[in-house]
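K.L.:
Next come the chains, spelled out residue by residue.
Protein chains: 6
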Amino acid sequence: MATVKLLTDAEVEAIPIAKAVFDDIRATRKSDFVNNFWRGLANDPVLLKRTWEDLKAVMAGEGALDPLVREMIYIAVSTANGCQYCVHSHTAAARAKGMTDAQYGELLAVIGLAGKTNHLVTAMQIPADPEFLVKS
Amino acid sequence: MATVKLLTDAEVEAIPIAKAVFDDIRATRKSDFVNNFWRGLANDPVLLKRTWEDLKAVMAGEGALDPLVREMIYIAVSTANGCQYCVHSHTAAARAKGMTDAQYGELLAVIGLAGKTNHLVTAMQIPADPEFLVKS
Amino acid sequence: MATVKLLTDAEVEAIPIAKAVFDDIRATRKSDFVNNFWRGLANDPVLLKRTWEDLKAVMAGEGALDPLVREMIYIAVSTANGCQYCVHSHTAAARAKGMTDAQYGELLAVIGLAGKTNHLVTAMQIPADPEFLVKS
Amino acid sequence: MATVKLLTDAEVEAIPIAKAVFDDIRATRKSDFVNNFWRGLANDPVLLKRTWEDLKAVMAGEGALDPLVREMIYIAVSTANGCQYCVHSHTAAARAKGMTDAQYGELLAVIGLAGKTNHLVTAMQIPADPEFLVKS
Amino acid sequence: MATVKLLTDAEVEAIPIAKAVFDDIRATRKSDFVNNFWRGLANDPVLLKRTWEDLKAVMAGEGALDPLVREMIYIAVSTANGCQYCVHSHTAAARAKGMTDAQYGELLAVIGLAGKTNHLVTAMQIPADPEFLVKS
Amino acid sequence: MATVKLLTDAEVEAIPIAKAVFDDIRATRKSDFVNNFWRGLANDPVLLKRTWEDLKAVMAGEGALDPLVREMIYIAVSTANGCQYCVHSHTAAARAKGMTDAQYGELLAVIGLAGKTNHLVTAMQIPADPEFLVKS
Chain R
68 MATVKLLTDA EVEAIPIAKA VFDDIRATRK SDFVNNFWRG LANDPVLLKR
118 TWEDLKAVMA GEGALDPLVR EMIYIAVSTA NGCQYCVHSH TAAARAKGMT
168 DAQYGELLAV IGLAGKTNHL VTAMQIPADP EFLVKS
Chain P
68 MATVKLLTDA EVEAIPIAKA VFDDIRATRK SDFVNNFWRG LANDPVLLKR
118 TWEDLKAVMA GEGALDPLVR EMIYIAVSTA NGCQYCVHSH TAAARAKGMT
168 DAQYGELLAV IGLAGKTNHL VTAMQIPADP EFLVKS
Chain W
68 MATVKLLTDA EVEAIPIAKA VFDDIRATRK SDFVNNFWRG LANDPVLLKR
118 TWEDLKAVMA GEGALDPLVR EMIYIAVSTA NGCQYCVHSH TAAARAKGMT
168 DAQYGELLAV IGLAGKTNHL VTAMQIPADP EFLVKS
Chain V
68 MATVKLLTDA EVEAIPIAKA VFDDIRATRK SDFVNNFWRG LANDPVLLKR
118 TWEDLKAVMA GEGALDPLVR EMIYIAVSTA NGCQYCVHSH TAAARAKGMT
168 DAQYGELLAV IGLAGKTNHL VTAMQIPADP EFLVKS
Chain F
68 MATVKLLTDA EVEAIPIAKA VFDDIRATRK SDFVNNFWRG LANDPVLLKR
118 TWEDLKAVMA GEGALDPLVR EMIYIAVSTA NGCQYCVHSH TAAARAKGMT
168 DAQYGELLAV IGLAGKTNHL VTAMQIPADP EFLVKS
Chain C
68 MATVKLLTDA EVEAIPIAKA VFDDIRATRK SDFVNNFWRG LANDPVLLKR
118 TWEDLKAVMA GEGALDPLVR EMIYIAVSTA NGCQYCVHSH TAAARAKGMT
168 DAQYGELLAV IGLAGKTNHL VTAMQIPADP EFLVKS
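Protein chains in written order, with this note's numbering: chain R, 68 to 203; chain P, 68 to 203; chain W, 68 to 203; chain V, 68 to 203; chain F, 68 to 203; chain C, 68 to 203.
Derived by calculation from the structure, the hints in this document are not laboratory data. Small disclaimer: the values here were computed from a predicted structure and weren't measured. Hints are supplied without guarantee of correctness; some may be wrong.
Remember, identical chains collapse to one label, so a pair may be satisfied in a single copy or spanning two.
Here are the computed lysine to any residue pairs in the SDA-like style, where the Cα-Cα straight-line distance is at most 25 Å [claimed, not checked]:
| id | residue 1 | residue 2 |
| --- | --- | --- |
| 1 | K164 | I82 |
| 2 | K97 | L200 |
| 3 | K123 | D196 |
| 4 | K86 | L135 |
| 5 | K164 | A77 |
| 6 | K72 | Q170 |
| 7 | K116 | A87 |
| 8 | K72 | A127 |
| 9 | K97 | G130 |
| 10 | K116 | T95 |
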């Protein structure tokens with residue numbers, strides 16, 4: 068149903084750049100599972116490599132934000148953009164990182180509230196209060 | 068520049084429902100400052116009241132998510148929806164709640180990455196992996 | 068296929084807050100049918116209750132706008148936001164409230180036209196005419 | 068501030084196709100005022116003509132929907148798409164067609180509510196109930 | 068699964084305006100295949116006719132942009148708007164017009180990059196440099 | 068007006084990673100002008116560096132798509148996402164790369180048409196024709 072072929076492991080095996088990325092995905096995630104997004108991107112090995120390196124740098128490892136918080140921010144953006152696959156994959160990732168039902172309920176509540184006030188603000192074209200602006 | 072008049076304190080004073088909401092905003096936030104969003108909504112006191120009660124319930128007080136995390140999720144949704152005022156107001160709120168430059172940098176990195184992969188996924192119409200689906 | 072379990076009537080029965088909301092949905096709509104949206108929200112009974120009360124206050128009962136007009140506005144927003152479920156559910160609701168084929172055709176025509184001019188305006192970054200601005 | 072020059076009446080005068088459209092806008096609206104959108108489009112007279120004819124056919128004259136209802140649907144789409152100019156221009160148009168404060172308040176309430184539930188539905192990826200689907 | 072019936076050739080045969088449009092689609096495309104979009108629009112023959120004429124004028128025939136480039140721009144907009152059907156249909160159209168795998172890979176790369184920087188810019192609310200503005 | 072300080076050349080001078088990126092932007096573009104987007108990103112030198120490298124790889128140099136075509140695709144995505152700054156900056160870039168008025172007019176026509184049909188398709192929830200699907 069995709070606009071591209073989702074490459075199988077056998078097909079990826081024949082593309083050295085893609086093979087190296089798939090190996091790194093498996094090593095980084097400590098799992099043999101490679102999801103469809105990467106199988107679609109593998110049709111363009113350079114784009115696959117750059118996208119994985121970007122995602123690995125931002126989402127994996129230590130940082131100022133807890134990995135679970137990063138996943139919840141990802142869900143928030145994906146929801147507002149209406150990306151079904153991304154909502155599914157990052158909700159699964161957040162759960163795998165320990166998101167509780169209570170945390171998920173609050174995430175939904177904030178997303179819903181923001182959706183509401185974003186629309187109200189845009190409909191009324193509210194100008195920014197001077198208090199909010201950064202001096203530059 | 069708004070599509071509605073932004074009511075002054077004097078004008079709000081004359082609308083009992085709106086006045087009560089403004090008092091509660093000030094008491095809840097422990098600040099005399101009431102931002103333009105509420106001054107626009109005050110034209111419809113019932114909508115103002117319902118919106119404030121919703122926001123107060125979701126964003127203020129204890130919860131499963133840290134108040135700063137809730138603000139960052141709010142920024143994420145507002146960015147994806149292109150709501151300028153909301154981006155300004157919630158970035159200011161996040162800073163007031165202690166968001167560090169490092170946390171803000173990571174928030175931007177996740178938002179940018181999600182923007183990128185959301186578009187790639189949608190362009191390729193990647194179908195959800197069965198592994199992501201909740202059994203219901 | 069949802070990211071949450073869609074609760075059955077039996078499961079809702081065991082959650083008093085959710086049960087009360089489902090009873091009110093059925094009483095308000097004079098129908099035994101409770102659609103999936105509420106079954107998903109029932110996982111977080113407080114969010115369910117707040118959302119239903121909001122929807123009931125805005126969409127049901129008397130008002131300055133005809134209930135059918137409110138449904139058509141809902142369809143318009145849901146379309147622009149790309150919410151498939153919402154488009155389906157509110158189109159069904161509009162039909163149940165008497166939307167004729169001619170009205171639906173005009174609704175589609177306005178939605179399509181707005182989609183077109185919204186894009187043209189944004190691409191050209193047209194500034195607002197002073198004539199459109201509210202004095203505040 | 069636009070990406071194109073906003074043509075003056077004198078400049079439009081020199082472009083026959085554009086001049087004819089401006090004349091028809093003035094005749095149709097019974098007003099000498101031609102707003103910036105058309106002045107930007109006038110750089111491409113064929114696009115200007117096709118867009119005006121489309122808008123005139125959909126928004127002016129008799130139809131199954133009241134002209135004011137059509138404007139409110141336009142505002143709804145423009146808000147969800149974040150088109151500032153369109154929100155301003157169609158809110159002004161709706162007011163010119165008699166939109167009352169109570170009607171505008173309800174319009175905002177529906178837009179805000181739809182924004183909220185659109186986001187909740189997308190975040191939960193609720194599947195369409197079979198009851199909503201048209202048999203084809 | 069649509070909100071409207073997708074009309075069969077037999078049903079279209081009975082609607083003169085729709086029949087004429089279907090004939091023109093087939094003649095213009097030199098193919099007997101008429102895709103679902105037109106079968107849905109055929110429920111409102113006037114909207115069908117106006118939409119087809121618009122599409123034919125913009126997408127078919129000679130112009131300043133190569134027809135394949137026009138399809139790629141169409142894919143870009145459809146992706147950002149999250150229109151699944153449009154992404155599928157215009158990707159198929161671009162392939163039919165000779166889009167190579169390398170071109171498609173670059174199209175995806177630009178779409179993904181734009182998605183990323185669009186989000187970063189909006190999150191930071193970067194003001195336009197004076198150098199970018201057109202004098203008007 | 069941004070949510071971050073837009074760093075001056077003097078401030079960037081003191082941040083080695085950012086300084087190196089600014090030098091490369093100037094060398095790549097053969098111009099001393101560095102636009103505000105990079106000055107905002109410079110607050111997070113790592114994000115700046117990664118974003119510039121991504122943009123340089125995708126937009127500069129030889130490729131399967133003409134650099135001007137890539138800019139027009141960028142404008143298309145930025146328009147649909149409502150990113151004002153991006154629309155301004157990439158329209159200026161397209162003009163600098165030789166975009167003619169006729170090409171720009173067609174770009175606008177395609178963007179507007181896609182905006183229209185995207186909305187019509189989503190409103191009618193048209194299912195993909197089997198003919199459009201890639202076998203995988």
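K.L.:
Using 25 Å as the alpha-carbon threshold, which applies to K72 and Q170: within, between, both, or neither?
P.N.:
Between copies only: 16 Å across chains, 36 Å inside a chain, cut-off 25 Å.
K.L.:
If the cut is 25 Å between Cα atoms, do K123 and D196 qualify within a copy, between copies, both or neither?
P.N.:
between (37 Å within a copy, 20 Å between copies)
K.L.:
As a check of your reading, is K97 near G130 (CA-CA no more than 25 Å) within one copy, between copies, both or neither?
P.N.:
within (20 Å within a copy, 32 Å between copies)
K.L.:
Using 25 Å as the alpha carbon limit, work out where K164 and A77 are close: within a copy, between copies, both or neither.
P.N.:
neither (30 Å within a copy, 30 Å between copies)
K.L.:
Treating 25 Å as the Cα threshold, decide for K97 and L200: within, between, both or neither.
P.N.:
This pair counts as between: shortest inter-copy Cα distance 21 Å, intra-copy 44 Å.
K.L.:
Checking an output row: K86 and L135, CA cutoff 25 Å. Within, between, both or neither?
P.N.:
Close neither inside one copy (28 Å) nor across copies (32 Å); limit 25 Å.
K.L.:
Between K72 and A127, at a C-alpha cutoff of 25 Å, which is it: within one copy, between copies, both, or neither?
P.N.:
Neither, since 27 Å and 28 Å both go past 25 Å.
K.L.:
Using 25 Å as the alpha-carbon threshold, which applies to K164 and I82: within, between, both, or neither?
P.N.:
neither (31 Å within a copy, 27 Å between copies)
K.L.:
Give the relationship of K116 and A87 under a CA distance limit of 25 Å: within one copy only, between copies only, both, or neither.
P.N.:
Classified as both: same-chain Cα gap 9 Å, cross-chain 24 Å, threshold 25 Å.
K.L.:
Can you give me the call for K116 and T95, within, between, both or neither, at a CA distance of at most 25 Å?
P.N.:
Answer is both: 14 Å inside a copy and 23 Å across each meet the 25 Å cutoff.
Checked against the numbered hints given earlier, the structure breaks hints 1, 4, 5 and 8 and satisfies all the rest.
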